[in-house]
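Protein chains: 2
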Amino acid sequence: MPARGDHDARRRDVSAAVWRVLADRGFGGLTLRAVAAEMGASTGLLTHYFPNKKALVSYALDVADERTSGRAVRTTHEPGLAALRAALLDVLPLTPEAAVMNRVWVGSWDGSLADPELREREMRRYRGWRARLRVHVAAAVERGELPATSGADDVDDVTAAAAAFAHGLVVHALFDPDRYPPERQVRMLDAWLAALAP
Amino acid sequence: MPARGDHDARRRDVSAAVWRVLADRGFGGLTLRAVAAEMGASTGLLTHYFPNKKALVSYALDVADERTSGRAVRTTHEPGLAALRAALLDVLPLTPEAAVMNRVWVGSWDGSLADPELREREMRRYRGWRARLRVHVAAAVERGELPATSGADDVDDVTAAAAAFAHGLVVHALFDPDRYPPERQVRMLDAWLAALAP
Numbered sequence: 001m002p003a004r005g006d007h008d009a010r011r012r013d014v015s016a017a018v019w020r021v022l023a024d025r026g027f028g029g030l031t032l033r034a035v036a037a038e039m040g041a042s043t044g045l046l047t048h049y050f051p052n053k054k055a056l057v058s059y060a061l062d063v064a065d066e067r068t069s070g071r072a073v074r075t076t077h078e079p080g081l082a083a084l085r086a087a088l089l090d091v092l093p094l095t096p097e098a099a100v101m102n103r104v105w106v107g108s109w110d111g112s113l114a115d116p117e118l119r120e121r122e123m124r125r126y127r128g129w130r131a132r133l134r135v136h137v138a139a140a141v142e143r144g145e146l147p148a149t150s151g152a153d154d155v156d157d158v159t160a161a162a163a164a165f166a167h168g169l170v171v172h173a174l175f176d177p178d179r180y181p182p183e184r185q186v187r188m189l190d191a192w193l194a195a196l197a198p
Numbered sequence: 001m002p003a004r005g006d007h008d009a010r011r012r013d014v015s016a017a018v019w020r021v022l023a024d025r026g027f028g029g030l031t032l033r034a035v036a037a038e039m040g041a042s043t044g045l046l047t048h049y050f051p052n053k054k055a056l057v058s059y060a061l062d063v064a065d066e067r068t069s070g071r072a073v074r075t076t077h078e079p080g081l082a083a084l085r086a087a088l089l090d091v092l093p094l095t096p097e098a099a100v101m102n103r104v105w106v107g108s109w110d111g112s113l114a115d116p117e118l119r120e121r122e123m124r125r126y127r128g129w130r131a132r133l134r135v136h137v138a139a140a141v142e143r144g145e146l147p148a149t150s151g152a153d154d155v156d157d158v159t160a161a162a163a164a165f166a167h168g169l170v171v172h173a174l175f176d177p178d179r180y181p182p183e184r185q186v187r188m189l190d191a192w193l194a195a196l197a198p
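Just so you know, the protein sequences line up as chains A and B, in that order.
So the first sequence is numbered by our numbering: it starts at 1 and just counts up by one.
So the second sequence is numbered by our numbering: it starts at 1 and just counts up by one.
No lab work stands behind these hints: they were computed from the structure.
Treat the hints loosely; a few may be bogus.
Have a look at the derived ranges for each label pair, beta carbon to beta carbon [unchecked claim]: (1) A:Asp13 with B:Pro51: 51 to 57 Å; (2) A:Ala191 with B:Val135: 19 to 25 Å; (3) B:Ala9 with A:Asp8: 39 to 45 Å.
The calculated lysine to aspartate or glutamate pairs, modelled on EDC-like cross-linking and capped at a C-alpha distance of 20 Å, are [unchecked claim]: (4) A:Lys53 with B:Asp24; (5) B:Lys54 with A:Asp190; (6) B:Lys53 with A:Asp24.
Keep in mind that this is a model prediction, so the values were computed, not measured.
For glycine and all other residues, C-beta sits at the position ideal for the given N, C-alpha and C.
Could you build the full structure based on these sequences and the hints that come with them?
Here's what the structure looks like:
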C-alpha cells in the first residue's frame, strides 16, 4: 500500500489527466485508455481505481466539482443586484479557463440525463446554485433594486430565469464564440438586469 | 440491391431505433450494438451503413433534425411578440414528446463540442434558429411592442437573450421537472417577455 503522500500525488495526477481528457474530448471521449495515455500509465493501473465506466464518470464529476468550487470568483461587497451580477458573471465563459469549465459541465449533461443517480446529483447541484442566487435576488427586492412582487414565487421565478439565461448563454457562447465575445455576454447580462429593475 | 421501397422501410427502421436509443441513453449510449438490439438485427448489418462512430452520430443528428423540423408547431397569425412567444413555446419541454426532443439535443452537445465539423453544424443550426426568432423581434419593435432601440445590435441582443433564456430553461426543466412543470415554464416565459415591453 503506498504511503499517504504517494496516494495524494497519484490522485492529483489522475485528476489532472481526467480534466485534460474532458476539456479536449468531453465525456464521450472519457475512457480508461484515454486517461492512461494522458498519464503515461497503463490501463491496468487505472482499472484498479475505476472498476467500471460509471465509476470513472462519477470521479470526473468530482473533479469538475472541485475545479468549480476552487476557481477564483468575483467578490463584491454590494449585496443584491451587484452580487447577483457578479455570481452570474462567474458562470459565463468570459475567459479560456471558464470556457473549459463550461465545456466540461455542458458535456456532462448527456450522461447525467441517462443515469438516475447522476441526474439527481446534477439536479441537486443546480438547486444549490439557485438557492445561492436566490439570496441575491431577495436582497435586491429588499433594497428596492427589483420590484417588490407578489411573493416568494416571484423571487423563485426571477432566480430561475437568471439561472436559465446564464446557462443558455453559456451554451450559445461555447458553440459560437465569434458571435458571443466576452463583452457581448456582459452587455447582454447587463441589459437583462436593467430590464428587471423598476 | 434491395428495391427502393425496401430501402426506405429499412431507413425508417434504423431511424426509429436510433431515436429510441437516444431518448433512453443519450449519445453516450449510442452504439451500433444498441441500435442493432433495438432493431432485432445484427451489428454486422449496421456496420454496412455506419463504418464508424462518427457516421452513426452524424446520422443520429440527421434523425434529430428531421424529427425537430417535422414536429407540430404552434401557428399564430399575430406577428411580433405573439409569434416570438409561440416560437419559444415550441422549444420548451411542455409535453413528453418535447422533453424527449430536448433531451436528445442537450445530449448531442458533448459530442458536437468535441468535433470541429459537428460543432460547426450545431453553430449553424443555432444561427438559423436565431435568424428566425429575429424576424419576430424586429416585427415586435416595428409594432411598438418592444422599445425602439439604438439599432440592429439591440435587436440581435434581445433575440440572443431570448434564445439563451429558452435553452437554459430547457436544461433546468429536463433535470428538475418537478420544479419546472409546464405552467411554470410558460409563466416564466411570459414574465420574461413582459419585462422586455416598454
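Status of the hints after comparison with the structure:
1. Judged by the Cβ atoms, the range 51 to 57 Å given for A:Asp13 and B:Pro51 is violated: they are separated by roughly 36 Å.
2. Against the hinted window of 19 to 25 Å, the Cβ-Cβ separation of A:Ala191 and B:Val135 comes to about 20 Å, which satisfies the hint.
3. Under the hint 39 to 45 Å, the C-beta atoms of B:Ala9 and A:Asp8, about 59 Å apart, miss the expected range.
4. For the suggested pair A:Lys53 and B:Asp24, the alpha carbons sit about 18 Å apart, so the restraint of at most 20 Å is met.
5. Note on B:Lys54 and A:Asp190: the hinted pairing is violated, with a Cα-Cα distance of about 40 Å set against a maximum of 20 Å.
6. A hinted pair counts as satisfied when its Cα atoms are at most 20 Å apart, and B:Lys53 with A:Asp24 qualifies at roughly 18 Å.
Hints 1, 3 and 5 from the earlier list are contradicted by this structure; the remaining hints agree with it.
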